[in-house]
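Assemble chains E, G and P onto chain X, guided by the hints.
Protein chains in written order, with our numbering: chain X, 1 to 350; chain E, 1 to 350; chain G, 1 to 350; chain P, 1 to 350.
No lab work stands behind these hints, which were simulated from the structure alone. Each hint should be verified, as a subset may be incorrect.
For chains that are exact copies, the list does not tell them apart, and a pair is met inside one copy or across any two.
[Claimed, not checked] Quick list of in silico lysine-lysine cross-link-like pairs, DSS-like style, CA-CA up to 27 angstroms:
1) K82 / K186
2) K186 / K36
3) K186 / K111
4) K111 / K82
Number of protein chains: 4
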Amino acid sequence: MIKAGIVGGTGYTGVELLRLLAQHPEVELAAITSRKEAGMAVADMFPSLRGRVSLAFTTPEEAPLKSCDVVFFATPNGVAMKQTRELLDAGVKVIDLAADFRIQDIGEWSKWYGMEHACPDLVAEAVYGLPEINREKIRGARLIANPGCYPTAVQLGFLPLVEAGVVDTTWMVADCKSGVSGAGRKAEIGALYAEASDTFKAYAVPGHRHWPEIRQGLTRMAGFAGEMSVGLTFVPHLTPLIRGIHATLYCKLSKEVDLQALFEARYADEYFVDVLPAKSHPETRSVRASNLCRIAVHRPQGGEGGNNVVVILSVIDNLVKGAAGQAVQNMNLLFGLPENMALTQIPVMP
Amino acid sequence: MIKAGIVGGTGYTGVELLRLLAQHPEVELAAITSRKEAGMAVADMFPSLRGRVSLAFTTPEEAPLKSCDVVFFATPNGVAMKQTRELLDAGVKVIDLAADFRIQDIGEWSKWYGMEHACPDLVAEAVYGLPEINREKIRGARLIANPGCYPTAVQLGFLPLVEAGVVDTTWMVADCKSGVSGAGRKAEIGALYAEASDTFKAYAVPGHRHWPEIRQGLTRMAGFAGEMSVGLTFVPHLTPLIRGIHATLYCKLSKEVDLQALFEARYADEYFVDVLPAKSHPETRSVRASNLCRIAVHRPQGGEGGNNVVVILSVIDNLVKGAAGQAVQNMNLLFGLPENMALTQIPVMP
Amino acid sequence: MIKAGIVGGTGYTGVELLRLLAQHPEVELAAITSRKEAGMAVADMFPSLRGRVSLAFTTPEEAPLKSCDVVFFATPNGVAMKQTRELLDAGVKVIDLAADFRIQDIGEWSKWYGMEHACPDLVAEAVYGLPEINREKIRGARLIANPGCYPTAVQLGFLPLVEAGVVDTTWMVADCKSGVSGAGRKAEIGALYAEASDTFKAYAVPGHRHWPEIRQGLTRMAGFAGEMSVGLTFVPHLTPLIRGIHATLYCKLSKEVDLQALFEARYADEYFVDVLPAKSHPETRSVRASNLCRIAVHRPQGGEGGNNVVVILSVIDNLVKGAAGQAVQNMNLLFGLPENMALTQIPVMP
Amino acid sequence: MIKAGIVGGTGYTGVELLRLLAQHPEVELAAITSRKEAGMAVADMFPSLRGRVSLAFTTPEEAPLKSCDVVFFATPNGVAMKQTRELLDAGVKVIDLAADFRIQDIGEWSKWYGMEHACPDLVAEAVYGLPEINREKIRGARLIANPGCYPTAVQLGFLPLVEAGVVDTTWMVADCKSGVSGAGRKAEIGALYAEASDTFKAYAVPGHRHWPEIRQGLTRMAGFAGEMSVGLTFVPHLTPLIRGIHATLYCKLSKEVDLQALFEARYADEYFVDVLPAKSHPETRSVRASNLCRIAVHRPQGGEGGNNVVVILSVIDNLVKGAAGQAVQNMNLLFGLPENMALTQIPVMP
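With the rest of the complex left out, here is chain X (with noise of 0.2 angstroms):
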């Protein structure tokens, strides 16, 4: 049995974490942090965890985290990099949920997230914890940066045209779309049901920070060396829903190609990733509560009088495939398991 610790576990991915290594049959939950909430037993917070999580939550300093097998940082951002050298010096291995160790880029990384960072050859050793770019590198690492939501979406759905090189990558847009569990469980009027249900908004056009990160993602895939990098246009939404993260993504083709076959061809290995059939229109519950994301790609107007635009629709649950999930399926690429351990659960619709 792997023993996990997850510090930081009072936000909706600590919960979720939760849900999902309760049912891992090979996982054995050690330990949950939450200084302000030492004691509370976690299935008081979280009643959906009653029977099945018996933990309480305790302080960091008492948790036995070098005793597990892997340390999840469920926490916000500039947490992880204090505690995680200890922890690897310790043997463990970790996932980090937040973003400490996303950027390569230690200046770009200062200037997003407003700090300085504390270690950053760590950052230069850890591994970007998307598996379906860098699975290998996974298996052999020892401390995951695992990837933002939209990140995950908005990769995931250029790989394919990125990879093999057959599109204008000037300039595309990535047009976003998240559940308000995205804000997480924090206490602010903008999060408010009463402030976000039955509206629509988009947020931080001017510069969000998963910017960067996606932007370094498209880039690495598109084998720039250098100063270059792809024209990203980037812009998040807040949506009435719970979970959920829907990528709308806009790009142009430098070189004709079947993109269905393109697209089919690339993830016919991947358990996680589901290329819908032409003409498709993914919807965000068709993967809720699921680790699962599905890929639809278009030519609007059938590709009209020259027209070279392409349409990718990309959808996952921002807690699961977005957060949570991946660090499962991360933990389980670190561990030898199968890498859809405890992540086969059919997603919940309606």
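Same frame as chain X, but now just chains E, G and P:
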């Protein structure tokens, strides 16, 4: 008093017209037709109108439409074109909230709407009822083609840029999100609560009827002649709100310009278009139940790296500025009333 | 023009008061206070008011409250009682939307609200602002205790039966459901979208502050003297709507009566109470954004088997008839205006 | 492996059965019928099942139902009663998720369901499939009448009190709230998103088909003989959730008892019934997508003033414990499997 008739009053556009017209000091509701519900009191179907609308539905044959001053068609596509000539001949002004008179190219119209047009000459006469562009023509018209909901939000968002000739019109992207009332008050599985709530999806990516309407509008604004037209990608999405459209518009500047000043100047005298301060993100609820369109214009990443991308956010209530409210605005213009008469209610928020 | 001030304008009750008062032809908004947001333009916090409310928040000290004709308290409980005497002494009329003056029994009030009362004599003077019961007293008052949202829906529902003395008052049940705006515009986990949508729960079943208020009201209606009071079970629930209260009321008849006729007669002259036809089921949306209360009265199973149960369904918009709208209704009475002035907007549906 | 067939698989109950059975280690899906959709792959209608269910819909005639071990009827009322005898004769066990076999009094059934019963003798044989009451009878049965959704929540809530004989059975009130999936996957105006979201209403207050079913169940629990039955008032409401039923139950104690101990003892060995600690308020989402029923029991106002009122809160997922999950629980019992096999998934929250 203006005697007003409504043909096809059982849908959301119809009940919204009733809400607005019943509160209009210069309008007398003379008739509302529904073949299926003939004899039923309007307020029995729509209890929100109890005590305010005493009309009952009548059959089109029995309704005194020819003695009205204005008739609104809140019908499916293809109905108005069959009844309009007779009404115009009787001296009645006609406002069609459907698509019969929106597209000047009859062949294009037939292709998208799947029927022969009954009166191409009236299409040529009809004025496209977007007052912010066509105010003077509307004032003198007999027949108004009330714009579609998406086309209203998209055209008002792109208008200042295209008119000013500062945008690359070879590729403009309109990523639009609509509330479910946009699908109409029809018994269809896809619009059920259990199908459309807590989920998000795109639809009609291969092609949507509002695409030619928007393209026609943008092409006119650009002043293009002959076969030339703007390059437009339009993707509509269904989002879990009752009312509201959010258009997220992407284009590239062909010339540097003070965007904020351009938008504020263009809309300085428009009562129903509100340009928000720089860096704003309008929410659909900020226009709920009102005839307003709120717009913000952005340069993502501050235009860094020579990036000349512009993102415009444009929100309307699809049932008001996107349908019934714009129709009343057009009616006010047709009859020489103050353009905002009975359209000044403050949006309902939360 | 009536000069109106609002103390505590950053909550949902406050913004709803602004929406209604900004459209009131006889009111001039003179001041709105918020210690925390002093200096901020009201329309920057509530974009729905852009172009309609030009006030900025001011501190209570700087606000010209004493020169107002009327001051509304849209504050947490315990604030109004400290500032009311000074305002009354200055000749200002006061309408408290919180609970400071609602309960005549000071000991009971202190028990439920957890504080000492600052001015028991003013409680004795205050008039309970339910116009359908206290219209004449309100007209002559200086100080109005605006009723709670649940108490408004429940009292209007039971009123005809209790006044007529045809109901067994030893056990009356009020099962009430409220939209989430009833929890206020406060940053609390429980009111987050991801906590309060797609779920339903009861709360405060052991005891809720509106229980003594409703019991006091029903006991008065019943004309009980001394210690005698009605037997009331009150259970509030949180339901995923923004606005709206639905009260489902249960009691037993002590005497046979024509229920429909009784209700229609009692409310025949009430502009804001609409008794629906027999066998109706009012929806909360049928009163959305309006000051109406719609009521239906039922005999389940047609009273079969000697069953003398009555079920009353009563719906209001908690922010309008349950708060701000009723406050404006009371203001209209205080100043001799038509009771429905600025309160006649048709409900927004859908 | 148990060969399972489903008759009528295009509704919400059908797709939920598919979700549960496709993950059941001892079940092989052998057939699913839909006359209307014959030939269509199930996963084309329900994309959530892509890759997991490879069946296509077939006509009832072509489906190998008689060679199944068990057949589930997820059909409208009146279908199962016509096909059950043939299946039973062929040795197939039958679980009817509709109402054909729930009511023992055939006259009463005909009155509420508006048709003659096709096989009264099978009604007499059928076992009411509420395992918490009828476990042993279910184990030996051929034909199961799977309970209605409301009846499940209400009966489990009242059960401990009624069985113990400590409640006044002359008047019991069940105020129930259901998510919209309870209305089925039928194209009806009233269940549209724009009709059913952001609103709340009661329905069928004069009489609902679940009333006789609940009354029959409570009367049996009470051990009444002859014509005697409990006095029950039942009011269902539609609330804006996809899944979930919340029953708020009111009654009076006829005898003092330790309520918490009574409930905990009654359900100590029930895997699917979770009695919450005193003063709890279960949310519907705490059982979302699971077969659990969570219950809390209250004395409002602490029983002050001789008040002997009890309030019970009972929540289930209407599609699982209220339909498909309970059907699978019954199937497990019929075939001697562990009762909770394939029903242990943790609820999805948020």
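How the hints compare with the structure:
1. K82 / K186: Answer is within: at 22 angstroms inside a copy they meet the 27 angstroms cutoff, but 33 angstroms across does not.
2. K186 / K36: Answer is both; intra-copy 13 angstroms and inter-copy 20 angstroms each pass.
3. K186 / K111: Intra 24 angstroms, inter 32 angstroms, cutoff 27 angstroms: intra-copy only.
4. K111 / K82: within (18 angstroms within a copy, 48 angstroms between copies)
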